[in-house]
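Asks: Listed below, chain by chain, are the residues.
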Amino acid sequence: MYEDILVPTDGSAGASAALAEAIELAGEFDATVHSLYVVDMASVGTEVGTVDLVESFERMGEEATEAAAARARDAGVAATGAVATGSPHSEIVDYVDEAGIDLVVMGTHGRTGLERYLLGSVTEKVVRTADVPVLTVRADEDESDEAE
Amino acid sequence: MRFAVAIDGSAESDRALDHAVEMASAAGAELTAVHSVDPDVYDAGGADPPADRSEYDDRLVVESVDDAERRGERLLDDAVERAGDAGVDIDAEVLYGDPVRTIPDFATTEGYDGVFVGHRGLSEAQERVLGSVAKGIVERSTLPVTVVR
Numbered sequence: 209m210y211e212d213i214l215v216p217t218d219g220s221a222g223a224s225a226a227l228a229e230a231i232e233l234a235g236e237f238d239a240t241v242h243s244l245y246v247v248d249m250a251s252v253g254t255e256v257g258t259v260d261l262v263e264s265f266e267r268m269g270e271e272a273t274e275a276a277a278a279r280a281r282d283a284g285v286a287a288t289g290a291v292a293t294g295s296p297h298s299e300i301v302d303y304v305d306e307a308g309i310d311l312v313v314m315g316t317h318g319r320t321g322l323e324r325y326l327l328g329s330v331t332e333k334v335v336r337t338a339d340v341p342v343l344t345v346r347a348d349e350d351e352s353d354e355a356e
Numbered sequence: 104m105r106f107a108v109a110i111d112g113s114a115e116s117d118r119a120l121d122h123a124v125e126m127a128s129a130a131g132a133e134l135t136a137v138h139s140v141d142p143d144v145y146d147a148g149g150a151d152p153p154a155d156r157s158e159y160d161d162r163l164v165v166e167s168v169d170d171a172e173r174r175g176e177r178l179l180d181d182a183v184e185r186a187g188d189a190g191v192d193i194d195a196e197v198l199y200g201d202p203v204r205t206i207p208d209f210a211t212t213e214g215y216d217g218v219f220v221g222h223r224g225l226s227e228a229q230e231r232v233l234g235s236v237a238k239g240i241v242e243r244s245t246l247p248v249t250v251v252r
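Protein chains in written order, with my numbering: chain A, 209 to 356; chain B, 104 to 252.
Possibly wrong hints are sitting among the right ones.
[Claimed, not checked] Chain A is faced by these chain B residues, among others (derived, beta-carbon under 10 Å):
1) T212
2) G214
3) G217
4) V241
5) V248
[To be verified] Which chain A residues face chain B? A few, computed with CB under 10 Å, are given here:
6) M209
7) D212
8) E229
9) F237
10) T240
11) S264
12) V313
13) V330
14) T331
15) E332
16) R336
17) A338
18) V340
19) P341
Hint data in this document are derived by calculation from the structure and do not stem from the laboratory.
Note that the Cβ used here is the ideal one computed from N, Cα and C, for glycine as well.
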């Protein structure tokens, strides 16, 4: 069924809930969890010191993906981590193609007020453009018992 | 585990069904096909009138709750048959109202573990005009939702 499951991470509660779901599914299907952190170049900017900033984001990404992979391995699931740089949704879709991913698991926010329109613009774009199924997980559901 | 799959007779909904059947079969889970009868939808076609009888039929101009209900039951029968062909027995459930509201509410109330729904893959601009049931279900549902293109 699922052999390679991708969980993009940004360190948020949504990403943590998504990771918990991905680990459970990977355990069920004996799949590998791929954790991906994308350094969003649009938020880094092009000012002086950008290189340092990108490097520190990359280090943060490595820590986040290693932590996610460790959490998966603790649950007895094979895991790998990667850091990419660019526009989050297109890096995620590229990774899906390159690594032969067959399911993407991503967090969403609730539907109240403004957040309704912020479904997670990255999640929304991935849903729209990825060729593989996208499993969306509500952040505020698993937060209390699954958050790291 | 129990999963629900949203059925509306589109090619995307067939793909979502196929995926959900495969998933349920692999996970040893139960699966229910759900269709929400929403008589507010009168025409599935464009602005031009249908050219001939067959096109008229394809566009399914829904005229009454009874017609919408019969169409929903037929779609669910087709879904059950399609899953049966793949070797999986599934249940069917007819709901009434806006699918964005009824499907997540049904799945949550009945204690399902997740929902599968097809997505047309429209552009951002098209979606702004036409809306997206998949997106609405993702926003509304507290359960995990798998969107299948």
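Asks: Find the hints from earlier in the document that the structure breaks and name them by number, from lowest to highest.
Replies: Result: hints 1, 2, 7, 10, 11, 13 break, sorted rising.
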